[in-house]
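Visitor: Numbering (the working numbering), first residue to last: 2 to 157.
The set of hints was computed from the structure by calculation and includes no laboratory data.
Bear in mind the structure is a predicted one, so any value in this text is a computation, not a measurement.
We put the beta carbon where it would ideally sit given N, CA and C, even for glycine.
There may be inaccurate statements among the hints.
Unchecked claim - Derived Cβ-Cβ restraints for the label pairs, each shown as a range:
| id | residue 1 | residue 2 | range |
| --- | --- | --- | --- |
| 1 | 147 | 111 | 24 to 32 angstroms |
| 2 | 65 | 131 | 18 to 26 angstroms |
| 3 | 99 | 136 | 15 to 23 angstroms |
| 4 | 64 | 134 | 13 to 21 angstroms |
| 5 | 144 | 111 | 15 to 23 angstroms |
| 6 | 124 | 86 | 24 to 32 angstroms |
| 7 | 156 | 94 | 14 to 22 angstroms |
| 8 | 156 | 70 | 16 to 24 angstroms |
| 9 | 95 | 53 | 19 to 27 angstroms |
| 10 | 85 | 141 | 26 to 34 angstroms |
| 11 | 94 | 65 | 13 to 21 angstroms |
| 12 | 129 | 56 | 17 to 25 angstroms |
| 13 | 66 | 122 | 24 to 32 angstroms |
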Amino acid sequence: MIQAFIAFIEGKRILMRKTRMFGVAVTAFSMGAVAVLGFATSASAAGSGNGTCASTELCVYRLYDRHASDGYFDLGSPDVNFTNGNNNWYNHGGNINDAISSYTAGTGTSCDGYSLFWNKDMSGIQMDIPKGWGGNLAGAYANFNDEFSSYSKFGC
Numbered sequence: 002m003i004q005a006f007i008a009f010i011e012g013k014r015i016l017m018r019k020t021r022m023f024g025v026a027v028t029a030f031s032m033g034a035v036a037v038l039g040f041a042t043s044a045s046a047a048g049s050g051n052g053t054c055a056s057t058e059l060c061v062y063r064l065y066d067r068h069a070s071d072g073y074f075d076l077g078s079p080d081v082n083f084t085n086g087n088n089n090w091y092n093h094g095g096n097i098n099d100a101i102s103s104y105t106a107g108t109g110t111s112c113d114g115y116s117l118f119w120n121k122d123m124s125g126i127q128m129d130i131p132k133g134w135g136g137n138l139a140g141a142y143a144n145f146n147d148e149f150s151s152y153s154k155f156g157c
């Protein structure tokens with residue numbers, strides 16, 4: 002009888018170990034699935050030119066002082082030539098090429114910041130904007146007003 006009781010207890014321990022291992026596996030799988038779904042959602046929400054100005058994007062404005070009502074555009078993916086594709090201002094007609102006067106740099110990127118380039122193909126004079134910064138292309142930056150033609154992120 003004692004041996005039967007010990008066998009019964011040993012069986013419970015094995016069952017408890019298997020149950021715990023199953024629980025850990027289910028938890029790990031669930032966390033992985035949530036992470037993958039979360040990544041897919043954020044990546045698709047941060048596409049260039051969708052009008053969101055998400056935290057992972059550089060939002061550029063047509064006029065000083067970042068008034069979205071006067072024209073804005075969200076830059077998420079690198080763009081080698083603002084004149085190609087549908088890079089037109091939201092809330093205003095016209096293309097963003099050589100027409101950027103202010104900006105807001107999102108804080109949600111894993112990169113150090115955003116770069117705007119004077120010429121297409123990410124060449125010429127470059128202005129690096131750290132994440133979280135925003136302002137006008139005026140004062141010391143006045144030469145950059147209405148001059149940028151391409152974009153990328155830096156420090157990734």
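Visitor: Next, verify each hint and record whether it holds.
Guide: Hint by hint, here is what the structure shows:
{"no.": "1", "hint": "147 / 111: 24 to 32 angstroms", "verdict": "holds, 30 angstroms"}
{"no.": "2", "hint": "65 / 131: 18 to 26 angstroms", "verdict": "holds, 20 angstroms"}
{"no.": "3", "hint": "99 / 136: 15 to 23 angstroms", "verdict": "holds, 19 angstroms"}
{"no.": "4", "hint": "64 / 134: 13 to 21 angstroms", "verdict": "holds, 18 angstroms"}
{"no.": "5", "hint": "144 / 111: 15 to 23 angstroms", "verdict": "violated, 30 angstroms"}
{"no.": "6", "hint": "124 / 86: 24 to 32 angstroms", "verdict": "violated, 18 angstroms"}
{"no.": "7", "hint": "156 / 94: 14 to 22 angstroms", "verdict": "violated, 34 angstroms"}
{"no.": "8", "hint": "156 / 70: 16 to 24 angstroms", "verdict": "violated, 32 angstroms"}
{"no.": "9", "hint": "95 / 53: 19 to 27 angstroms", "verdict": "holds, 20 angstroms"}
{"no.": "10", "hint": "85 / 141: 26 to 34 angstroms", "verdict": "holds, 30 angstroms"}
{"no.": "11", "hint": "94 / 65: 13 to 21 angstroms", "verdict": "holds, 19 angstroms"}
{"no.": "12", "hint": "129 / 56: 17 to 25 angstroms", "verdict": "holds, 19 angstroms"}
{"no.": "13", "hint": "66 / 122: 24 to 32 angstroms", "verdict": "holds, 30 angstroms"}
In summary, the structure is inconsistent with hints 5, 6, 7, 8 from the numbered list given earlier, while agreeing with the others.
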